[in-house]
Amino acid sequence: MGPSILTARNLSKVVPSAEGDLTILHELSLELKQGDSLAIVGASGSGKSTLLGLLAGLDLPSAGSVTLAGHDLGPLDEDQRAQVRAEHVGFVFQSFQLLDSLNALENVMLPLELDGRRDAREHARSLLERVGLGQRLSHSPRQLSGGEQQRVAIARAFAAEPAVLFADEPTGNLDSHTGERISDLLFELNKERGTTLVLVTHDERLAHRCGRLIRLEAGHLVTPLEP
Amino acid sequence: MAHLSFLRLPRLALRQLMRDARAGELRVLFFALLVAVAASTAIGYFGARLNGAMLLRATEFLGADLVLQGSAPATPEQIRNGEQLGLAHAKVVEFSSVIATDNGIQLSSVKAAGTGYPLRGELRSAAEAYGPEVAGGGPAPGEAWVESRLLAALNLKIGDSVDVGMKTLRLSRVLTYEPDRAGNFYSLTPRVLMNLADLDATGVVQPGSRVTYRDLWRGEPQALASYTQATKAGLAAHQQLRDSRDGNQQIGGALGKAERYLNMASLVAVLLAGVAVALSASRFAMRRFDASALLRCLGLSRRQALSLFCLQLAILGSVAALGGALLGWLAQLGLFALLQGLLPSQVPPGGIAPALAGIATGLVALAGFALPPLAALGRVPPLRVLRRDLLPVPASSWLVYGAALLALGLIMWRLSLDLLLTFALLGGGLVAALVLGGLLLLGLRSLRRLLAGAPLAWRLGLGQLLKHPLAAAGQSLAFGMILLAMALIALLRTELLDTWQNQLPKDAPNYFVLNILPDDKDTFAQRLNEFSVHAAPLFPVIPGRLTLINGEPVREIVSKESTGDRAVQRDLSLTWAADLPQGNTLSAGQWWQAQPTADALPGVSVEAQLAESLKLKLGDTLTFSIGGLERQVQVSSLRTVNWDSFQPNFYMIFQPGTLQDLPTTYLTSFYLAPGHDQQVVALSRAFPAATILQVDALLEQLRSILAQVTLAVQYVLLFVLAAGLAVLFAGLQATLDERIHQGALLRALGASRSLLVKARRIEFGLLGAASGLLAALGTELISLLLYRYAFDLHWSPHPWLLLLPVIGALLVGGAGVFGTRRALNASPLTVLREG
Numbered sequence: 088m089g090p091s092i093l094t095a096r097n098l099s100k101v102v103p104s105a106e107g108d109l110t111i112l113h114e115l116s117l118e119l120k121q122g123d124s125l126a127i128v129g130a131s132g133s134g135k136s137t138l139l140g141l142l143a144g145l146d147l148p149s150a151g152s153v154t155l156a157g158h159d160l161g162p163l164d165e166d167q168r169a170q171v172r173a174e175h176v177g178f179v180f181q182s183f184q185l186l187d188s189l190n191a192l193e194n195v196m197l198p199l200e201l202d203g204r205r206d207a208r209e210h211a212r213s214l215l216e217r218v219g220l221g222q223r224l225s226h227s228p229r230q231l232s233g234g235e236q237q238r239v240a241i242a243r244a245f246a247a248e249p250a251v252l253f254a255d256e257p258t259g260n261l262d263s264h265t266g267e268r269i270s271d272l273l274f275e276l277n278k279e280r281g282t283t284l285v286l287v288t289h290d291e292r293l294a295h296r297c298g299r300l301i302r303l304e305a306g307h308l309v310t311p312l313e314p
Numbered sequence: 120m121a122h123l124s125f126l127r128l129p130r131l132a133l134r135q136l137m138r139d140a141r142a143g144e145l146r147v148l149f150f151a152l153l154v155a156v157a158a159s160t161a162i163g164y165f166g167a168r169l170n171g172a173m174l175l176r177a178t179e180f181l182g183a184d185l186v187l188q189g190s191a192p193a194t195p196e197q198i199r200n201g202e203q204l205g206l207a208h209a210k211v212v213e214f215s216s217v218i219a220t221d222n223g224i225q226l227s228s229v230k231a232a233g234t235g236y237p238l239r240g241e242l243r244s245a246a247e248a249y250g251p252e253v254a255g256g257g258p259a260p261g262e263a264w265v266e267s268r269l270l271a272a273l274n275l276k277i278g279d280s281v282d283v284g285m286k287t288l289r290l291s292r293v294l295t296y297e298p299d300r301a302g303n304f305y306s307l308t309p310r311v312l313m314n315l316a317d318l319d320a321t322g323v324v325q326p327g328s329r330v331t332y333r334d335l336w337r338g339e340p341q342a343l344a345s346y347t348q349a350t351k352a353g354l355a356a357h358q359q360l361r362d363s364r365d366g367n368q369q370i371g372g373a374l375g376k377a378e379r380y381l382n383m384a385s386l387v388a389v390l391l392a393g394v395a396v397a398l399s400a401s402r403f404a405m406r407r408f409d410a411s412a413l414l415r416c417l418g419l420s421r422r423q424a425l426s427l428f429c430l431q432l433a434i435l436g437s438v439a440a441l442g443g444a445l446l447g448w449l450a451q452l453g454l455f456a457l458l459q460g461l462l463p464s465q466v467p468p469g470g471i472a473p474a475l476a477g478i479a480t481g482l483v484a485l486a487g488f489a490l491p492p493l494a495a496l497g498r499v500p501p502l503r504v505l506r507r508d509l510l511p512v513p514a515s516s517w518l519v520y521g522a523a524l525l526a527l528g529l530i531m532w533r534l535s536l537d538l539l540l541t542f543a544l545l546g547g548g549l550v551a552a553l554v555l556g557g558l559l560l561l562g563l564r565s566l567r568r569l570l571a572g573a574p575l576a577w578r579l580g581l582g583q584l585l586k587h588p589l590a591a592a593g594q595s596l597a598f599g600m601i602l603l604a605m606a607l608i609a610l611l612r613t614e615l616l617d618t619w620q621n622q623l624p625k626d627a628p629n630y631f632v633l634n635i636l637p638d639d640k641d642t643f644a645q646r647l648n649e650f651s652v653h654a655a656p657l658f659p660v661i662p663g664r665l666t667l668i669n670g671e672p673v674r675e676i677v678s679k680e681s682t683g684d685r686a687v688q689r690d691l692s693l694t695w696a697a698d699l700p701q702g703n704t705l706s707a708g709q710w711w712q713a714q715p716t717a718d719a720l721p722g723v724s725v726e727a728q729l730a731e732s733l734k735l736k737l738g739d740t741l742t743f744s745i746g747g748l749e750r751q752v753q754v755s756s757l758r759t760v761n762w763d764s765f766q767p768n769f770y771m772i773f774q775p776g777t778l779q780d781l782p783t784t785y786l787t788s789f790y791l792a793p794g795h796d797q798q799v800v801a802l803s804r805a806f807p808a809a810t811i812l813q814v815d816a817l818l819e820q821l822r823s824i825l826a827q828v829t830l831a832v833q834y835v836l837l838f839v840l841a842a843g844l845a846v847l848f849a850g851l852q853a854t855l856d857e858r859i860h861q862g863a864l865l866r867a868l869g870a871s872r873s874l875l876v877k878a879r880r881i882e883f884g885l886l887g888a889a890s891g892l893l894a895a896l897g898t899e900l901i902s903l904l905l906y907r908y909a910f911d912l913h914w915s916p917h918p919w920l921l922l923l924p925v926i927g928a929l930l931v932g933g934a935g936v937f938g939t940r941r942a943l944n945a946s947p948l949t950v951l952r953e954g
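Chains as they are written, first to last, in the working numbering: chain E, 88 to 314; chain V, 120 to 954.
Errors might be hidden in some of the hints.
[As the list claims (entries may be wrong)] No farther apart than 20 Å at their CA atoms in a straight line, the calculated lysine to any residue pairs in the SDA-like style are these:
#1 Lys877(V) / Leu231(E)
#2 Lys276(V) / Pro298(V)
#3 Lys278(E) / Arg299(E)
#4 Lys351(V) / Asp319(V)
#5 Lys210(V) / Leu315(V)
#6 Lys586(V) / Ala294(E)
#7 Lys877(V) / Ile608(V)
#8 Lys351(V) / Val673(V)
#9 Lys877(V) / Gly203(E)
#10 Lys877(V) / Glu857(V)
#11 Lys586(V) / Leu231(E)
#12 Lys586(V) / Pro228(E)
#13 Lys286(V) / Leu273(V)
#14 Lys877(V) / Gln170(E)
#15 Lys877(V) / Asp202(E)
#16 Lys278(E) / Gly298(E)
#17 Lys877(V) / Leu929(V)
#18 Lys877(V) / Glu165(E)
#19 Lys351(V) / Gly261(V)
#20 Lys278(E) / Ala294(E)
#21 Lys625(V) / His795(V)
#22 Lys640(V) / Val799(V)
#23 Lys210(V) / Gly255(V)
#24 Lys734(V) / Asp718(V)
Rather than coming from a laboratory, the hints here were simulated on the basis of the structure.
Quantities reported herein were computed from a predicted structural model and do not represent experimental measurements.
In isolation and in its complexed conformation, chain E is listed as follows (with noise of 0.2 Å):
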């Protein structure tokens, strides 16, 4: 196995409340290296969301560490994690988060362009390609059904080559056909690009064809990360 690609050691993430402090995670640790696959699965309000959220930098533990593609998450300021998911990191999310005012095309086209690339066009086209929408690049979020934004979220997500791949219930808007067919060419494209894959979700036969798994609890770990 390769080196680390994320690592988190004893995570916690405490919030104010009126009633003293609130626990969401508990000194959570894991480790992935290139290419894993781990599934989150738990309840509502499990803490599943909120690991994410701090695996992938968009929000700051209150103990413990992050390090994502050797970059230590702890010490940078917003912008500069901003930069680090450029690089680094893809999204896919449940209610597919397309920007309106963009066409399909440029959607795609927008993680290349903030990490600068000049092919970015002819990139985000091959990709649209690969996910079966070469014929719809100059559609808007609106004039595309569901399954088909889905898997402009998905080029979106592979298009800079991220690391690590953060999907948040990538299928719990899909009816069942249509999040089988989505499930499927998420797994095809991670197999294809070696890209390491974090899936927060619900569906068990989802989480199942991920090569680890993870239970919380009430921000405990319960079934631990298998070695």
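Use these hints to put chain V onto chain E, whose structure you have.
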């Protein structure tokens, strides 16, 4: 919950409001109402206080109960009549004269007042400029009281001496108030008040001089009525009998007009604020659909739920209205400060009515613009707690527009606007808005094509504009119009007079001399020739009034406010000439060859525009009253006159030999290069009766008045600008959620904050620049039309107008980035939380 008492409802509403106080749409609504109430309160106070000042003075404005006024002294019989009726009497003589000192000359309006003046009201004066005022008294013989601006103009102080004609007077006090100056709220020339006993010694008043004689009377109503009755029949044509009822009609008219325009500005501010209120109220309603559904589930009746939200807005509106009224009150103090010197120094405070009216305006606007969107909250189905896609039935557009129109109608009725003018302006504005808005939309659409190759920040910024093209066009148009109004006013203020002055010939006369006595005529001409080669000939002048046209009284022929009306309201300067003066061309009839024959009526040549206004044609018979005598003449020719030549010009030129027997003075104009003031001082001392007018000084005065007035108008326009900003903020509120979401997503994908800021700057900068460009083009077009067609001046482009797009970009860009700052600081985590 279902038994929520109506006492608890307001408390609940207040608590909810406090919790929601940080919500953007409530702040915008608050700001919009604040602006609307402040604008209408400030303008309301302005009008009310000026009216108050006029009313206050109406009782004093004659300085007497009754005044007999004329361009010649009253007859001994007229005086005797009054004295026999037991009326108190005082005499006043007014004329213009040049006050000469070693420091220079200053044209002043001199008033020589006899014992007892004023009979009503009191003079007020101070021992030094801006010193404490003392009421009562008057200048003793040998003394003069002057306005402080005369002291400033000639660098004088109390105790110095000045020459009025041949008489030297010592300045003893600073005159701060004369009751009978209300007729002229503002006069171009400073006042010198002297004792009537010194008048003869000045030598200024000679037969034929332009002088106003006033006989002031005070007494019992019965006696006054008898005097009026006895005198009225025997009034000479140059005489008028005035009582306090005559009021300040003319000044009232001018002020009324000014107030109407200011009211229009306040209407536009209220209208814009209304749009902002409507936008933010509808967002307020939309964001409370869930809360309303929940309250209904918890057992609140429809009416209670609706009342709860209405109460919240009512509380907010009341606080905003009170704050706005206070702000408006402060703002009108600023307005009066800007117009200091133009307006009377004593202005009554105005009471509470304008503030109440302003508050009412705000609340009416709130009701008209906010209630229809709010009504939806009462119709939210409780089932929405389970199915969030359930929306209330939207209010009928009849209700929405009807309520807004009703509110506007109420406000317009209160402002007592000229309906025709208002609708013409609003209609014109609407048409312009539709045309320009359409063009803007087309422009935005064509931008979309260019967009493909643009850098990311530009695509993001422009993309946002293109996403809501209608809102973008509307906002850009609103700011464009506001900037246009401000730029046009600035342009007219700074440039119009300069352009006109620059286009005069280099050696155009810059001095006018009036009241040259016949005996001095030849020596004056000789002196003038010694230092000015550009002197016009000396024209004889006789003041006279046109009374009859073909035997019909003039009053019945001319329409109000026409040139003709203005010309017959006062004495005209009549002259005679053997030859057609320079700069005049005949447009009809024949110039006379010889003196009139004994049996025919003598001829008169009439200025063509006046002739048109008086409906005169060749051969008409005109009757003039000149110094108490009647003269008949026949229109023998019409002339066009080049008024810009600065040569002495006349409406009426008589055939030679028709006026020679009457008391005459002469007038002329000349050019003197700057820096020869001492020669003018010497001239004025040598000919004390002559009145020397400095054109430059008069223009300077005019320029300073214009500057003050335009500053005041721009000040009022600031309210309109603030209302425009309220609309912008309200529009931004509507897209804020979307922007926050977009910002968070971009951040999650790795965009830096600076990229987001840049995209926002581009978006709003472009919007503002488009407004500025619109304003620049509009201003340039209007200035071209005004110069070419209204003022007949040479037009050249104004490159500084290109600053407008920059100003627009900075203004709207700054406001836009400020209004969307929450979207810049949105945490990328929001995207995960939303799923």
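We went through each hint and held it up to the structure:
1. Lys877(V) / Leu231(E): 29 Å, violated
2. Lys276(V) / Pro298(V): Violated, because 24 Å separates the two Cα atoms, which is more than 20 Å.
3. Lys278(E) / Arg299(E): Measuring from Cα to Cα gives roughly 15 Å; hence the hint holds.
4. Lys351(V) / Asp319(V): Not satisfied, since the Cα-Cα distance of roughly 29 Å exceeds 20 Å.
5. Lys210(V) / Leu315(V): Roughly 8 Å between the alpha carbons, so the hint for Lys210(V) and Leu315(V) holds.
6. Lys586(V) / Ala294(E): 38 Å, violated
7. Lys877(V) / Ile608(V): Measuring from Cα to Cα gives roughly 34 Å; hence the hint is violated.
8. Lys351(V) / Val673(V): 19 Å, holds
9. Lys877(V) / Gly203(E): This hinted pair holds, its Cα atoms lying about 16 Å apart.
10. Lys877(V) / Glu857(V): 18 Å, holds
11. Lys586(V) / Leu231(E): The given pair, whose Cα atoms are some 17 Å apart, holds under the 20 Å limit.
12. Lys586(V) / Pro228(E): Judged against 20 Å, a Cα distance of about 13 Å means the pair holds.
13. Lys286(V) / Leu273(V): Status holds; Cα separation ~18 Å.
14. Lys877(V) / Gln170(E): 17 Å, holds
15. Lys877(V) / Asp202(E): 17 Å, holds
16. Lys278(E) / Gly298(E): 12 Å, holds
17. Lys877(V) / Leu929(V): 13 Å, holds
18. Lys877(V) / Glu165(E): 17 Å, holds
19. Lys351(V) / Gly261(V): 36 Å, violated
20. Lys278(E) / Ala294(E): 16 Å, holds
21. Lys625(V) / His795(V): Holds: Lys625(V) and His795(V) sit about 16 Å apart, inside 20 Å.
22. Lys640(V) / Val799(V): Judged against 20 Å, a Cα distance of about 17 Å means the pair holds.
23. Lys210(V) / Gly255(V): Answer holds: Lys210(V) to Gly255(V) is near 17 Å, not above 20 Å.
24. Lys734(V) / Asp718(V): 26 Å, violated
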